[in-house]
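**Q** Here are the chains, one letter per residue:
Protein chains: 2
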Amino acid sequence: MIRAAELIQRKRDGEELPDADLTELILGYARGEVPDYQMAAFCMAVFFRGLSPRETYVLTEAMIRSGETIDMSGALGRKVVDKHSTGGVGDKTSLAVAPIVAACGVPLGKMSGRGLGHTGGTLDQLESIPGYRTELSLDEFIAQVREVGTAIIGQTGDLVPADKLLYGLRDVTATVDQLSLIAASIMSKKLAAGAQAIVLDVKVGDGAFMKTLEDARHLAEAMASLGEQAGRDVVCLLTDMDQPLGAAVGNSLEVLEALDTVRGRGPADFTELVLDACAKLLALSDLEVGEAEGRRRAEAAVADGSAEAVWRRWIEAQGGTADESALPVAPVQHEVAAPVGGYVSRLGAIRVGVAAVRLGAGRRTKDDAIDHAVGVVLHAKRGDRVEAGLPLATIHARDEDAARHAADEVLAAYEIEDAEVPERPVLLEVVG
Amino acid sequence: MIRAAELIQRKRDGEELPDADLTELILGYARGEVPDYQMAAFCMAVFFRGLSPRETYVLTEAMIRSGETIDMSGALGRKVVDKHSTGGVGDKTSLAVAPIVAACGVPLGKMSGRGLGHTGGTLDQLESIPGYRTELSLDEFIAQVREVGTAIIGQTGDLVPADKLLYGLRDVTATVDQLSLIAASIMSKKLAAGAQAIVLDVKVGDGAFMKTLEDARHLAEAMASLGEQAGRDVVCLLTDMDQPLGAAVGNSLEVLEALDTVRGRGPADFTELVLDACAKLLALSDLEVGEAEGRRRAEAAVADGSAEAVWRRWIEAQGGTADESALPVAPVQHEVAAPVGGYVSRLGAIRVGVAAVRLGAGRRTKDDAIDHAVGVVLHAKRGDRVEAGLPLATIHARDEDAARHAADEVLAAYEIEDAEVPERPVLLEVVG
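Just so you know, the sequences run in chain order A and B.
Per this note's numbering, residue 1 is the first one in the first sequence, and the count goes up by one each step.
Per this note's numbering, residue 1 is the first one in the second sequence, and the count goes up by one each step.
Don't read these hints as lab results, they were simulated from the structure.
Some clues are possibly wrong.
Since the list gives no way to pick out one identical chain from another, each pair is judged satisfied if it fits inside one copy or across any two copies.
[Unchecked claim] Lysine to aspartate or glutamate pairs mimicking EDC-like chemistry, simulated, CA-CA at most 20 Å apart:
no.: 1; residue 1: Lys366; residue 2: Glu6
no.: 2; residue 1: Lys211; residue 2: Asp13
no.: 3; residue 1: Lys211; residue 2: Glu221
no.: 4; residue 1: Lys211; residue 2: Asp367
no.: 5; residue 1: Lys381; residue 2: Asp158
Note that the coordinates shown come from a computational prediction; the quantities given were computed from them, not determined experimentally.
So here's chain A without its partners, still in its complex pose:
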């Protein structure tokens, strides 16, 4: 019998819980023996008292033990890599990184989630490709990573059921934004999915969950530590999310931009982040190359067309139409003109994300349907010089009315000043 009330009280009073007790609490919850109301009180106590690094690791391990795990490296006889982002506006990094890394000979198998609120989801992006199957069996998933070099699917099997339960509970009890719980939630899924090396992209800023570099650093350190304790190689990139990433926000628009980037024609900031992530992944892989050499190989795979070739094989292996002309296109395109000339000093990620959600590109609640064609393409980003009357952005909408509303929202996201604005890199810091 689990003395849940006693454990809640000890956590409430600031104690560090013994490994066995914390494990039993989590496994008991997953088995339905500890009721939601006790776990809700526990999560709120954790919100105020935190978890020690040791407790965070024990929580992560217990969540993993609540379900199945996958041994990707064992199945492939290779060191398999994975990549995860904490989520932001215009974040389609995985779509570009996967085929580039695979083209360099490193297997990348990824299980992704859907978007909620103003941040996009990799699965939603991929589902804008006609025919793309996000639900492969575990065997199909492993076979495709072996044969094609990469696969991106929805979570398969019974991985980390405790996280699914716990996340659902935290979502309705105001206990989502606690660093240790976030770290354990992300890492339990990554570790259970079996990659040996993981690059984590921790977004920082207005459009991200972590608003400050300091918070992002704490989360990155917690996740890197969990990876290390589980014997995996983990590197965290802290990257800017004060403005949207790249130019495209909205599912098919982002797929197109990812493909353009794989072909070497992507926006500067997005290309920079994709190549940074690829370089880190290749350096962690069993190629045993340095980061500089990794970056060189990634650039070469883009330049010589091998990354685009893997893109095509990957999309087709999962049943999708690799031809970009098959992507859905919104019936209305509406230009947002710059009201004055000057330099873009700010381009609020959340406002652009909210505009995209209102167009139908994202979900307000879990059960909302998504319009894959709609979204926003930004022609001017922070630091860019703009001329009055020339286009700042293009709205891709279902109808004129929706387009006008989104245009107002996007325009409000821009701040334009007379003076030149200093550059700020997309990659802010590396942890691990």
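Go by the hints and put chain B onto chain A.
**A** Same frame as chain A, but now just chain B:
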């Protein structure tokens, strides 16, 4: 629709909630629309953030509004008084106060609870009287207060159902010990039960919920403020619970001691507290007497036998046998001898309470049955001089084995020193 998650978050972040939102949260919970897990997270947020005096009042009012209320004064055309204790070891004050106050011409109607853990419960004590009915209808209750002057029953009707739900939830989520929640729980029941003047006995010390005078003072102030805002007269007595109150601990033993006290033959500390409480109640009543005159009248009612006469009428009106020889007696009496001579410097209330519970006098869990005959009678209290080998206490047990275990526990509760121990009064402070 109640935005419970949002309200939890605002409380979590230290906000004061608007009256209407907090009311709706509580009423929604009572209606079953807000689930236990959200209320559990809310209670834990309150544990860390507290409630403002305003919020505490709104919470109390909302809990009262969740069920029926009784207008005692309206029904009787008199100012009805009530008395409540936060609970301690050997606390049988209500049993003695009720008939004395009634004998002075002031109606006292009280709804009581059962004991849990080491503190006794008034209903459990009364149920050791053969035939005593704790479940009267509301009409019977009011009629008896009118005709006999007093009645003590279990909670009747559908009073404060939100408190019952909330208390049950707090009990299993480590959110019981929060001052505002305690104050609201106690006062919602007192206010709903309809007395116009209330004396609250807030126990302080080892055997009480409040361990320090400061905590007790805060709780007393919170409850007095709630009473005032509801237009009732409230006085709080902060009284000592470092040692048990009086000599008897255990249900029929306590009934006997209460009756002895009503006859003027009770232990000094208990008699002092009973007369203090009576004096306050009479001073708050519609007799319009001062406290000194109230005390004089209470002493007179004890001295002239009128209080004992009311005791008899009261017990018989509720179906009980007023004759003390009808009370159950334990088969085994076992003396605890003083191991050394000296002065009692400490007599730990919790240890004595735990000994009584182990004998069967109290409940460890809500569903435990009670042995009304067993308990402990203390012959030496703090400050008393004791001789080696002479009895410190008598254990009243079901069998020899239980008696020996209890004797060890009671002996361990005593500390005996060579030097004389300074006196400490039972009444520590008055608030309100």
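**Q** For each hint, tell me whether it holds in the structure or not.
**A** Quick rundown of the hints versus the structure:
no., hint, in the structure
1, Lys366 to Glu6, "between (34 Å within a copy, 17 Å between copies)"
2, Lys211 to Asp13, "between (28 Å within a copy, 16 Å between copies)"
3, Lys211 to Glu221, "within (16 Å within a copy, 41 Å between copies)"
4, Lys211 to Asp367, "neither (27 Å within a copy, 50 Å between copies)"
5, Lys381 to Asp158, "neither (42 Å within a copy, 63 Å between copies)"
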